[in-house]
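**Student:** Take 8 as the starting number for the sequence shown in our numbering and just add one per residue.
Worth flagging that the hints you see were computed from the coordinates, not collected in a lab.
These numbers were taken from a predicted model, which means no experiment stands behind them.
Each statement offered as a hint is correct.
Think about it this way: if two alpha-carbon atoms lie no more than 16 Å apart in a straight line, the pair counts; the simulated EDC-like pairs of lysine to aspartate or glutamate are: (1) Lys-106 with Asp-85; (2) Lys-114 with Glu-272; (3) Lys-47 with Glu-243; (4) Lys-106 with Glu-78; (5) Lys-303 with Asp-284; (6) Lys-106 with Glu-81; (7) Lys-106 with Glu-272; (8) Lys-309 with Asp-284; (9) Lys-114 with Asp-85; (10) Lys-181 with Glu-300; (11) Lys-151 with Asp-185; (12) Lys-201 with Asp-213; (13) Lys-210 with Asp-185.
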Amino acid sequence: MIKHIVKLAAIAALSGFAAFPAAAQAVKVAVALPGVITDKAFNQNVHDGLVKARETLGAEVAFTENVSQAEQVEVMSDYARRGYQIVVGAGGEYTDAAKRVATRFPKVRVVVLNGAPTQGVATVNFKNEEFGYVLGLVAGRVTKTGTAAAISAQQFAAFTTAVDGFKAGLKAAKPDGDVLVAYTNDWADVAKAKEATLNLISKGADVFMPYLDAGWVGVVQAAQERNAHTVGILHESDNNLTTARLDFARALVDAIGLFQKGQLEAKDYRIGLTSTDQLGPFNSAVPEAVRQEVQKAIEDIKSGKLNPAKG
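Produce the complete structure using the sequences and hints provided.
**Tutor:** Given below as structure tokens:
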């Protein structure tokens, strides 16, 4: 577990992130992370948001890496005791800890990114079923075996919702297709993720959706070795058919901005799929007709014509 505290005055914004009116005093924001900020996935994306909040909103920021589930309550409580006004748990696995901390420190706004709606807590989520649906649609058009797979460290609400969408998208493209699910019990262990992927390949899967931190690398390695495909959640890889770019960096900055306006409530904030800009580039294995089909699906989701939760 490594703690980092950064105190900087506001400097000019260096990106396209929205700048909100500065508070009279710099808001203090702390984030507990399950992994490391160099994972090229979720933890790094959240850390990018902290950097942007410091740059564009003048926030005083701190973060702790590699927080185990046993340490969550104490790490978040310590930040609350030290005067941090916003304390963030990065990931759905923080849901229970966040509820306990919010009860202990009612004057602190406790936030969970990618977590289930929780009393007394602000949760910031993407509509995982929508992103999962388009990834499943692509997987269903490209798979040769008719079987895809989703891999995470553990079962939690955002992953379950993403898998539901993934299955619906796959079956829209291939009605007799199937989605296997596996858990590695470790967000960052590359070897465990690779082993789980190879096991799923032996069961016929040839397209994989990893929902991991640094462990995603193991999924891609196994897929490349066995001529299988991947679709990404946050992580980018040349092996990905495409990637769902869940921009938690922007979401975190927006949440902090709402706090500065006195508008960040203890409720669930959900961000939907509205544009192909929220997807990474398609690789050469995805035909143009499928790319157009994805565009149409996104338009139908946005208009309400297509409900990925129902397929």
